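J.: Chains as they are written, first to last, in the working numbering: chain A, 4 to 143; chain B, 4 to 143; chain C, 4 to 143; chain D, 4 to 143.
Where hints are given, some of them may not hold.
[As the list claims (entries may be wrong)] Derived pair list, reagent style PhoX-like, types lysine-lysine, alpha-carbon separation capped at 25 angstroms:
# : chain 1 : residue 1 : chain 2 : residue 2
1 : B       : K110      : C       : K118
2 : D       : K110      : B       : K110
3 : A       : K118      : A       : K92
4 : C       : K107      : B       : K110
5 : A       : K92       : B       : K107
6 : C       : K118      : A       : K107
The set of hints was computed from the structure by calculation and includes no laboratory data. These numbers come from a predicted model, not from an experiment.
4 protein chains.
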Amino acid sequence: MTLTAADITAIISAGVPASADSGFRVETVSPGMVVCRTHYDERQLRPGGTLSGPTMMALADAAMYAAVLARLGRLEMAVTQNLNINFLKRPLPADLLACAEILKMGKRTVVLDVKMYSEGSQDVVAHATGTYSLPPAGRE
Amino acid sequence: MTLTAADITAIISAGVPASADSGFRVETVSPGMVVCRTHYDERQLRPGGTLSGPTMMALADAAMYAAVLARLGRLEMAVTQNLNINFLKRPLPADLLACAEILKMGKRTVVLDVKMYSEGSQDVVAHATGTYSLPPAGRE
Amino acid sequence: MTLTAADITAIISAGVPASADSGFRVETVSPGMVVCRTHYDERQLRPGGTLSGPTMMALADAAMYAAVLARLGRLEMAVTQNLNINFLKRPLPADLLACAEILKMGKRTVVLDVKMYSEGSQDVVAHATGTYSLPPAGRE
Amino acid sequence: MTLTAADITAIISAGVPASADSGFRVETVSPGMVVCRTHYDERQLRPGGTLSGPTMMALADAAMYAAVLARLGRLEMAVTQNLNINFLKRPLPADLLACAEILKMGKRTVVLDVKMYSEGSQDVVAHATGTYSLPPAGRE
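Isolated chain A, as found in the complex (with noise of 0.2 angstroms):
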């Protein structure tokens, strides 16, 4: 039942290959909490060198579904509700990782808060929080 790091890096990036393409992995895997990572890549760079902000929030969105999958298990019906970002501060020219968080665990939601970090620093790049909705029958 319970995922491993690889095990949801490999259901993310078969569900959208696209995220596959950035690199993304899932690094670390805890109760409440994930780690995940996209590749620096200079095709995802906007004017000024610094990563788009969609990478960010494409990073935001998978971190947040990485956490929902390490908590409930393969639950591919969950689907982004709401998201809010703020972006802080440029990025590093640099890996980014994400750590998501589980703020309220409901029945039909679940909230939570993503900090974005530049690999070697400890400044908040960017900070996201947002809502999966739960499939009906709670898990499949």
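Using the hints provided, position chains B, C and D relative to the given structure of chain A.
T.: Okay, now just chains B, C and D, sitting in the frame of chain A:
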């Protein structure tokens, strides 16, 4: 000074090569509103056959940027400060259209509203609001 | 089954006595939209002479609830799940009006959009989106 | 220059008399974090016996403002630009506590995170993020 739809498409595609891959295109430009399109791309699908959330977030963000460029002209250092998105309905297997409208044109920030539709349908599939931060000088 | 503006005003004022103090009133009800009003109250002013943010948030929340009641009838257990608000412009020293519109009417959630105006002006002073969660049974 | 908890309580209560009515008080001040309290008040209850959403939003907003004052000193023209709140759990019939933390201290904006608790419980009942806009001069 005024940019056409083709100009803005070129600026955004040059700035972020990955957006060119997605077939992103500005379709219509008017003073307070732009319409943008992302091609339906099977690589962006998620389980269940729908376009992925990040594809929709990327389009929302690009449409907001396009609306800022349409109003202010070439301004490459405008950056997303905040984006909030609600996913309302499963998109159809079709191109995705985004209408971005300026709610507030401030000296330091622009606040925008984006509604997204599947081509051929009038249902709003996602709704986003966001804030772009302008460079201190106002315009470049 | 269908509630009038006066019915909805009474339900909300009975439910939250503090909202009655603020002179909250539903003005107009139609299937997908309601208009609500809060009286200009000097006690709600903040430094600079403007209505306080919380006054505007309270009106946005009440207007969303009013729109849910207008659509579904008496449903006291609907609760706010998420609210996101952007403050756009300093309100005038005047009553505050809120137009709430339903973006999505789901089985478990209602997503709404609220625009707020100072009476006598067409400028949007604040824009909110929010999600109400419906009781599992759907309707009471 | 540095303000105490009592100073900040006085500034906020003088600025918005309605917040004084709610028994708002800053409890603890440290450089990047403040803790604030709102008294449990039966007039703020909504059907079901819980504190109303607007009461929680008002506390979140005041706690963010308190954290800005704690960091920058007396700065009456800072205004809320955006607030996003997720309601996670029904609060207990008890005082409400809010811990506000600064995520980003920029020249033009401050981004904050607020967690709210019912006194005597460790469960987060609501979580907010928000942006305060600073006056152009930086500090008064």
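J.: If a hint holds in the structure, say so; if it doesn't, say that too.
T.: Hints, one by one, checked against the model:
no., hint, in the structure
1, B:K110 <-> C:K118, "holds (21 angstroms)"
2, D:K110 <-> B:K110, "holds (15 angstroms)"
3, A:K118 <-> A:K92, "holds (12 angstroms)"
4, C:K107 <-> B:K110, "violated (33 angstroms)"
5, A:K92 <-> B:K107, "holds (23 angstroms)"
6, C:K118 <-> A:K107, "violated (29 angstroms)"
Of the hints listed earlier, those the structure fails to meet are numbers 4 and 6, in rising order.
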